[in-house]
Amino acid sequence: MPRFFFWMAEVMSKKIDAELVKKVAKLSRLELTETEVAEFANQLSAILDYVEKMEQLDTTDVQPLAHCLPISNCLRDDCAKPSLGTEKILENAPDTDGDFFKVPKILD
Amino acid sequence: MENLEYKIIVGLEIHVQLLTKSKMFCSCAISFGERANSRVCPVCVGMPGSLPVMNKKAVELSALAGMALNCKIAKFTKWDRKSYYYPDLPKNYQISQYDLPLAAAGFIEIPLENGQTKTIRITRAHLEEDAGKNLHTTGNFSQVDLNRAGTPLLEIVTEPDLSSAAEVRSLAVELQRIVRYLGVSEADMQKGHMRFEPNVNLHITKDGKEYKTPIAEIKNLNSFRAIERSVDYEVQRQLDEFSRTGITMETGNKTTRGWDDDAGKTVLQREKEEANDYRYFPDPDLVPVEFTDSWLAEIRAGLCEMPIKRQLRFVNEYDLSDYDAGVLTAERTTADFFEEAVKSGGQSKRVCNLLTQVGLKMANEANCSAAELGITAENLAKLAKMADGGQISATAAKTIMEKMTQTADEPKVIAEQLNLIQKNDTAELEVIVEKILAENAKAVEDVKSGGKKSKAAKGFLLGQVMQKTKGRANPKVVAEILERKL
Ligand SMILES: [Zn+2]
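The listed protein sequences correspond, in order, to chains A and B. As numbered in the working numbering, the first sequence has no gaps in its residue numbers, which increase by one up to the final residue, 159. As numbered in the working numbering, the second sequence has no gaps in its residue numbers, which increase by one up to the final residue, 505.
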């Protein structure tokens with residue numbers, strides 16, 4: 052399913068350099084060391100080079116693929132079922148405050 | 020300040036909460052005011068291994084709204100992930116629709132103050148899921164309640180065709196009417212079912228040149244009053260800023276502003292870095308939606324006459340004022356109830372008065388619609404007929420209507436029970452009038468003498484008859500008899 056990667060077109064048009072790795076890391080809230088930045092720049096470039104081979108294919112009559120499975124309309128009826136409940140859902144939370152998840156102060 | 024010539028340019032982004040029982044991609048019940056985090060499951064918090072499944076009703080309601088907004092409904096539409104990090108977004112992405120929205124290229128007609136209508140183009144309408152809620156505490160932390168996370172929202176985007184705060188308000192009110200008519204949303208502003216984000220800027224003409232001010236987006240408005248006030252404020256603010264700094268769209272940046280209702284002003288919000296890098300990509304967990312012709316036809320059957328058209332028809336067909344027609348068509352059930360009563364033989368203006376002056380007031384107090392007061396359209400028609408026929412007074416009609424909410428008795432029965440049937444019997448009333456005239460020789464003389472005193476004396480005599488009959492005489496009949504006798 053090589054067409055699955057069509058959305059990477061924009062990224063593929065750029066060279067993966069340290070700056071782009073840092074930007075993506077920041078958007079993904081990842082902290083990387085300079086060594087890692089260099090390492091990932093190389094790895095990501097290699098991956099993209101590999102995927103770039105697809106450019107050699109003629110895709111004139113090929114529709115962009117929205118999903119890798121050839122199905123649509125997986126729908127359910129609008130019925131409400133019991134949820135997990137406050138206690139249960141908070142069990143895995145790193146920190147709680149009463150019935151709430153507790154997070155660092157947010158400034159809107 | 021210099022007197023500048025300018026045009027106001029506003030486009031709107033609107034989020035409408037769809038009227039479903041369960042969330043968009045899981046079976047958690049839609050909530051308002053429940054215990055925090057009680058309506059949450061692995062799907063709506065995005066736990067690993069959980070899979071979203073689309074709510075059919077939400078898809079259908081969105082398509083129906085799209086049709087009502089004269090949009091083209093996409094035969095093929097898909098789901099995309101919009102990535103950003105915020106504590107109220109547990110998955111770190113929102114499921115939304117990016118390049119293939121469910122509906123596009125439509126329009127909405129809005130009423131203007133001068134009685135005309137204006138067409139505002141709709142760019143697109145797409146389906147997405149709501150985020151949870153962050154609550155700010157006095158401490159150095161925030162609380163998160165995810166009950167709302169995953170609630171289906173329809174995002175509607177208009178073209179920048181609005182040119183005043185009043186027009187923006189009008190669109191908001193009209194859209195509320197439409198989605199309520201169709202049962203697409205409860206559209207309760209206080210519950211946040213409709214949230215508005217106007218994008219405002221000005222085209223200013225100065226020394227024969229046109230300048231465009233930087234666009235300001237006002238976030239999250241949830242009252243009609245706030246919508247109108249915030250746009251008015253923003254217009255003034257941008258005028259002032261332009262006069263002071265001359266900053267234009269080309270030299271300044273688009274800003275995001277919040278509305279401080281108490282202070283009555285918009286406030287600059289902190290810019291999020293990399294704000295618009297949402298890195299949309301197709302959600303691999305969700306398959307596309309394809310509308311077949313038969314499915315679309317099924318959805319289309321849910322359309323009805325649009326409120327603005329119905330209002331106009333009420334004016335023409337029932338000879339009502341635009342104001343009354345607007346009140347009656349504000350809710351579909353009220354408009355249906357009115358038309359049923361008229362079809363059952365009630366005179367339109369009389370039915371309208373009973374509904375607007377008594378029915379809606381009671382409905383408001385009982386927190387229901389006028390159609391849910393327990394009065395049948397047939398009985399309302401009968402009541403209107405009695406009032407028209409002079410069997411009861413207008414005041415009595417109100418009393419009877421109030422009583423009708425508590426009993427299934429016909430209005431005539433209630434009127435008899437409460438002794439509210441007017442005396443129309445001329446012979447009987449004539450005897451009473453004779454008696455009153457004999458007892459009030461002075462007043463009779465005043466009437467006959469003519470002049471200023473005459474009118475007052477006539478009123479006095481009429482009053483006396485009404486008192487004698489405990490208000491049950493038909494004043495029209497009494498006045499006629501008086502006229503004859505004097
Ligand atoms: Zn859920």
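Possibly wrong hints are sitting among the right ones.
To be verified - BS3-like cross-link-like pairs, simulated, lysine-lysine; straight-line CA separation at most 30 Å:
#, chain 1, residue 1, chain 2, residue 2
1, A, K132, B, K75
2, B, K137, B, K75
3, B, K76, A, K132
In short, the hints are calculated from the structure, not lab data.
| Does K75 of chain B lie within 30 Å of K137 of chain B when you go C-alpha to C-alpha? | Cα-Cα ~33 Å, so violated.
| query | When you check the alpha-carbon spacing of K76 of chain B and K132 of chain A, does it fall within 30 Å? | reply | Roughly 15 Å between the alpha carbons, so the hint for K76 of chain B and K132 of chain A holds.
| Is the Cα-Cα distance between K132 of chain A and K75 of chain B 30 Å or less? | holds, 15 Å
In the structure shown, a violation is registered for the earlier hint numbered 2 alone.
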